[in-house]
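Could you build the full structure based on these sequences and the hints that come with them?
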Amino acid sequence: MTGRKIGVVVCQCGGNISDYVDTEKVRAEAAKEGDVVSTQVQMFACSDAAQQAVIQEIREKKLDGIVVCSCSPKLHTATFRAMAERAGLNPYEYTQVNLREQCSWAHTHDRAAATEKGIRLVRAGIAKTALSRPLEKMRVETLPQALVIGAGIAGLRSALALSDLGISVHLIERADRPGGQVRRWGTLFPNDKAGKDLIEDLVRRVHERDNIQLYLGTELVERSGRVGAFSVKVRAPTGDLISLDVGAIVVATGFEPYTPAAGEFGYGLDGVLTLPELKELLAATPGPLVYRGRPVRSIAYVYCVGSRQPAEGGTQRTYCSRYCCSATSHLATVVTGLDPAVHQFHLFRDVRTYGKYEALYERALKGGSVFLRYSEEDLPTVVREDGGLVVRIHDRLLAGEEVEIRPDLVVLVTGMIPRANDDLVRNLKLPIGPDGFFREVHVKLRPVETVVDGVYIVGTAQGPKNVAESVATALASVSKAGALLLKGYVDLDPLVARVDPTLCEWCGECQTACPYGAIDEVEYGDRHIAQVNAVLCKGEGACVPACPKAAISVQGYTNEQITSMIDALAKEVA
Amino acid sequence: MKVDTGFLESLRLGGEFDARLCMNCGTCTALCPLGLEILPRRLFRHALLGDRERVLGESEAIFSCLLCRLCEANCPAGVHIAENVRSLRVVLNGEARGLAEA
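Residue numbers (the working numbering), protein chains in the order written: chain V, 1 to 574; chain W, 1001 to 1102.
Bear in mind the hints are in silico, worked out from the structure with no lab data behind them. Just so you know, not all the hints are guaranteed correct.
With the C-beta cut set under 10 Å, the calculated list includes, among others, these residues of chain W facing chain V [said to hold, decoys possible]:
no., residue
1, M1001
2, V1003
3, R1012
4, M1023
5, R1042
6, L1048
7, G1050
For lysine to any residue, the following SDA-like pairs were computed, each having C-alpha atoms within a straight-line distance of at most 25 Å [what the hints assert, rightly or not]:
no., chain 1, residue 1, chain 2, residue 2
8, W, K1002, V, R373
9, V, K366, V, T336
10, V, K233, V, Y516
11, V, K366, W, R1089
12, W, K1002, V, R297
13, V, K62, V, D48
14, W, K1002, V, S375
15, V, K5, V, E60
16, V, K356, W, A1077
Only a predicted model underlies this, so the values are computations on that prediction, with no experimental measurement involved. Glycine included, each C-beta is placed from N, C-alpha and C at the ideal position.
Below you can see the structure in the form of structure tokens.
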């Protein structure tokens, strides 16, 4: 008994929990715990009506702690913290107990045991809440300046939109000219505008802005600081290091086209090109297609080269590169436009001209393109025989019959792969997905944010996208950065590590353990101790077990709280 | 089979043959009152891929077609199947004449 007044809400999740856990029994057992003064069962705790009932209970019984036993904290922590706040309770006096993912869903075969486990989980949540303390968010200032890394189409568009909001932009580009991949390409789908024209228009507008500074041949070499006030160092082509202070960072570093291995679908043979190589060839050729002085009368495209590969070891290219089906269908219509007599054969696995781009596929068909389907297990082959290219495919639309084509040109429809950016990844401390692209926080709801607050990923740095999609994410990042920087401050979660200066003897173990560089060595009287930079700390707790003196703990997850939770879980067992 | 672009050219010159939108669903074959297994799905596939021998080898089926348009009325891709069969007959006649002249 601590004299606390804790309320417990047991959620049935409409059967997701109550079908396998006796929620009434869990509630009754929770009511027996010392500090618990209120218990209730709700069919859907997250519903507006249930939240309203809980708020009323918190107010009426003057609760100073609330435990909601429902789903994973990943799903509804924010929901119930906000509910606690509306009830006048400090949001960090709220604890979520995972009765669904970690109990009912895991033990659908044994209701009695699941109920027993549920009771223990709830007891642990109550024990933790009994030791909780009100915590306040940390308010820190933000600088109205942004760094955009990469001056391809996404970076340029981000820079302009940030500039529109009155946010000053430092736009750095590793290459010696802006424009990225799109500049090299000719006509683009869906509106036949040339990539070069799009880029030149954006670059011209960037140059007109007083509040955008473009640095070419420049790379990021260091990042420190925190959301709203990052310090970055960039290396100019002269070798000089330039220090910049920015509130947000937009990573628009783009992709690299997949380069087939020598011999992969005949790559390296005379007349075998990749999709970007064909795009460049078309952009450079004014009239009908000519390759090495020879007119091109027929083309075979091999789709999905480097994309949708079986997962094996290391970086996985299991993903679809999204843009290639539409780009190739569009390219086929361009070729037909130049010379309708050119025969075009598309060797595909699945045609994914999704959404409005389906029209491109139809246009390609009407232009006379023939599509032949191959399977992942039975790939087409490309060889040179008797002085010409020979492509062989088992066409699934002909029940697997072998079809032999002798085209003038073979185009390997290569996908997108992540850029080799090891230094940048290290400097930004951003997570990478198994596919090698930068990873967002939430695939649906937070598509441009990263685990590092104030650092956004846009365009193909995050994963394969076409130009329209890249620009959409670029503008999404601007809305996120604008919301952050124009307010002038940011409130940070207080669930961070804290050092007890009376126990700490500075050994540096916590500093070594911290992946965020959030621990500094400071003087404290006549000795040195560790100090947590609260705005850098993510509260993930790597420092806690590293400390030989138990002098460091994470607020909201103190050693006492964790110990009491373990005791509660093992109550009758021990 | 080997793609014969020359045969594709002669189909084009024949004028009317146009099965570009055929998506190989087989509705036509399932509906054919004569039960002509080859018609028109596989036949058009062979024609689209320029398989001269296979198309010429199907003259029996091509000339058996009643041109009833049951398939055409039900084609989800809107292919003018009967016109295509007609135009293949023209091509076949041409080939036959070509052989006679040679």
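Verification of the hints:
1. M1001: With a closest approach of 6 Å, the W:M1001 hint holds.
2. V1003: holds (4 Å)
3. R1012: holds (8 Å)
4. M1023: holds (9 Å)
5. R1042: OK, holds: W:R1042 within 10 Å of chain V, min 7 Å.
6. L1048: At about 5 Å, which falls below the 10 Å cut-off, the nearest Cβ of chain V leaves the hint on W:L1048 intact, so it holds.
7. G1050: Holds, because the Cβ-Cβ distance from W:G1050 to chain V comes to roughly 8 Å (cut-off 10 Å).
8. W:K1002 - V:R373: Between W:K1002 and V:R373 the Cα gap is close to 16 Å, so the pair holds against 25 Å.
9. V:K366 - V:T336: holds (10 Å)
10. V:K233 - V:Y516: With a Cα-Cα distance of about 17 Å, the restraint between V:K233 and V:Y516 holds, given a limit of 25 Å.
11. V:K366 - W:R1089: The hint holds at about 23 Å.
12. W:K1002 - V:R297: holds (17 Å)
13. V:K62 - V:D48: Satisfied, since the Cα-Cα distance of roughly 21 Å is no more than 25 Å.
14. W:K1002 - V:S375: holds (19 Å)
15. V:K5 - V:E60: Holds: V:K5 and V:E60 sit about 12 Å apart, inside 25 Å.
16. V:K356 - W:A1077: The hint holds at about 18 Å.
The structure agrees with every numbered hint stated previously.
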